[in-house]
Every structure is written in C-alpha cells, then in structure tokens.
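Every letter in the sequence shown is one number past the one before it in full-length UniProt numbering, and letter 26, counting from 1, is 26.
Honestly, I wouldn't trust all of these hints.
Below 35 angstroms or equal to it, Euclidean Cα-Cα: the simulated DSBU-like pairs (lysine-lysine) are [to be verified]:
id	residue 1	residue 2
1	Lys71	Lys139
2	Lys139	Lys39
3	Lys202	Lys165
4	Lys202	Lys221
5	Lys101	Lys64
6	Lys71	Lys119
7	Lys101	Lys39
8	Lys10	Lys197
9	Lys142	Lys71
10	Lys202	Lys142
11	Lys39	Lys71
12	Lys67	Lys202
13	Lys101	Lys213
14	Lys142	Lys165
15	Lys221	Lys153
16	Lys67	Lys119
17	Lys197	Lys119
18	Lys39	Lys10
19	Lys71	Lys87
20	Lys71	Lys153
21	Lys213	Lys171
22	Lys87	Lys142
23	Lys221	Lys64
24	Lys10	Lys202
25	Lys142	Lys10
For the record, the hints were derived by calculation from the structure and aren't laboratory data.
These numbers come from a predicted model, not from an experiment.
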Amino acid sequence: MKLLIIEDEKDLSDSIRQYLALEQYTCEVAYEFESALDKICLNEYACIILDITLPNGSGLEILKELKRQGKEDGVLIVSARNSPDDKIVGLNLGADDYLSKPFHLPELGARVAAIIRRKSFSGQNQIVIDHLTLDIRDKTLKNNEEAVPLTRKEYELLLYFVSNKNRVVTKEAIVTHLWGDDVDMADNYDFIYSHIKNLRRKLAEAGCPEYIKAVYGMGYKFSIPS
Numbered sequence: 001m002k003l004l005i006i007e008d009e010k011d012l013s014d015s016i017r018q019y020l021a022l023e024q025y026t027c028e029v030a031y032e033f034e035s036a037l038d039k040i041c042l043n044e045y046a047c048i049i050l051d052i053t054l055p056n057g058s059g060l061e062i063l064k065e066l067k068r069q070g071k072e073d074g075v076l077i078v079s080a081r082n083s084p085d086d087k088i089v090g091l092n093l094g095a096d097d098y099l100s101k102p103f104h105l106p107e108l109g110a111r112v113a114a115i116i117r118r119k120s121f122s123g124q125n126q127i128v129i130d131h132l133t134l135d136i137r138d139k140t141l142k143n144n145e146e147a148v149p150l151t152r153k154e155y156e157l158l159l160y161f162v163s164n165k166n167r168v169v170t171k172e173a174i175v176t177h178l179w180g181d182d183v184d185m186a187d188n189y190d191f192i193y194s195h196i197k198n199l200r201r202k203l204a205e206a207g208c209p210e211y212i213k214a215v216y217g218m219g220y221k222f223s224i225p226s
C-alpha cells in the first residue's frame, strides 16, 4: 500500500518512512506545501500522514483540496499543535484521525493500519476470497490453513488488486502504487509482467480460478464473481 508523508522535519520524516517501510508500506515524502499539493493531485494514497504546519502553506489547505477533488485518501494528521480547535477543524475537513507530537512510531503505524482497514476493507483484518484468506495485519495469504508463500511485492500486488476488485487498473497505476518515487528506476514495465505472472501461478497452484484478467489496451482486473 502506498503512503504519503507530508512533514517538513526531515529527521522525523525519514524516521517515519523507515519505520513504515519495515511494515511493508511504500512511502513517498513531501517536505513542503507545493510539492505535497502536486503529489495529492497526481496520485492516490492508501493513507496520507499530514503535518498541519508546512513551509509556504498549511496542511489544512491540503485537506481542503482533497475534499474539493472528492478524493478518498485516508488522512492522519500529526502536529505539534495540541489545540482542540486544530483537531476539530482537521477532522471536520475530512481527516480520519489526529496524533499529537511527540508520538511513538508503533502508535503511528497502528493508526495508519486502522485507517486503511476502515477505508479500504470495511474495518476487517482478514479478507476471505473463496478458500483463500488474506490477512492484512500479518501480511500473509493462506489456502485454507496452509500458507501460500508470496514475496513482498507479490503480497502488495495482491492487496492492491483486492482493494480494487472488479475494477480495471492500468499497469502505470500498479507500478506507481507499488514503487512510488522509485518508479523512475525502471526503463519499462516488463518487471510488472513478471510479478503478475508469478502471482497468477501461485494462485493457480492454490486451486484458484483465474482472478487476474488482462484487459486489452487498458490494464488488469481482479474479478471476483458476486
């Protein structure tokens, strides 16, 4: 799942990014208002970690822009301001949660995970698809009770497909979501075909139907019969 950290304190931002990377999130970072605004306009994020006080602007303006565009990205405000007014204004503008600085990184991680569960998976820790169980807390996939071995990127790819089930997603959207700011390291998208091929093979070996379907000229769809 792709996250955006909007935080001007670089040491804190780096610490958050490193911690969440260990939790298997792909993280992008913006240190000031204009770059944050560019990113939210161009991308979608499972959760945005947002500081209110930014160089050249306010995090509250970021919230207003998300609302204006009708975006559904989760938002966790983190701020040294401990004013009830800031909290109320932020929540009324569409933020999902508020965490005052200083905070412990495990608490921030737990709040991010809770927002993603609520926004993308109706608050569930486990998603059941036929005889498969995808556990978003343990980051595992089981076929009945037997573990299906997935690489980190295969797990992230499956989770992205499931969160967009029955919708067409482009290969560009997949790559941007899974690799974030590192996407420019790739000259082409051949590597994504390899990940999808391996994921399809592992799902087939687990006795699954062909969930992942190519949509010619558009991308892929994870189809689950209703």
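Results of checking the hints against the structure:
{"no.": "1", "hint": "Lys71 to Lys139", "result": "26 angstroms, holds"}
{"no.": "2", "hint": "Lys139 to Lys39", "result": "27 angstroms, holds"}
{"no.": "3", "hint": "Lys202 to Lys165", "result": "18 angstroms, holds"}
{"no.": "4", "hint": "Lys202 to Lys221", "result": "17 angstroms, holds"}
{"no.": "5", "hint": "Lys101 to Lys64", "result": "22 angstroms, holds"}
{"no.": "6", "hint": "Lys71 to Lys119", "result": "12 angstroms, holds"}
{"no.": "7", "hint": "Lys101 to Lys39", "result": "24 angstroms, holds"}
{"no.": "8", "hint": "Lys10 to Lys197", "result": "38 angstroms, violated"}
{"no.": "9", "hint": "Lys142 to Lys71", "result": "32 angstroms, holds"}
{"no.": "10", "hint": "Lys202 to Lys142", "result": "11 angstroms, holds"}
{"no.": "11", "hint": "Lys39 to Lys71", "result": "13 angstroms, holds"}
{"no.": "12", "hint": "Lys67 to Lys202", "result": "40 angstroms, violated"}
{"no.": "13", "hint": "Lys101 to Lys213", "result": "45 angstroms, violated"}
{"no.": "14", "hint": "Lys142 to Lys165", "result": "19 angstroms, holds"}
{"no.": "15", "hint": "Lys221 to Lys153", "result": "18 angstroms, holds"}
{"no.": "16", "hint": "Lys67 to Lys119", "result": "15 angstroms, holds"}
{"no.": "17", "hint": "Lys197 to Lys119", "result": "29 angstroms, holds"}
{"no.": "18", "hint": "Lys39 to Lys10", "result": "17 angstroms, holds"}
{"no.": "19", "hint": "Lys71 to Lys87", "result": "20 angstroms, holds"}
{"no.": "20", "hint": "Lys71 to Lys153", "result": "25 angstroms, holds"}
{"no.": "21", "hint": "Lys213 to Lys171", "result": "12 angstroms, holds"}
{"no.": "22", "hint": "Lys87 to Lys142", "result": "40 angstroms, violated"}
{"no.": "23", "hint": "Lys221 to Lys64", "result": "32 angstroms, holds"}
{"no.": "24", "hint": "Lys10 to Lys202", "result": "40 angstroms, violated"}
{"no.": "25", "hint": "Lys142 to Lys10", "result": "39 angstroms, violated"}
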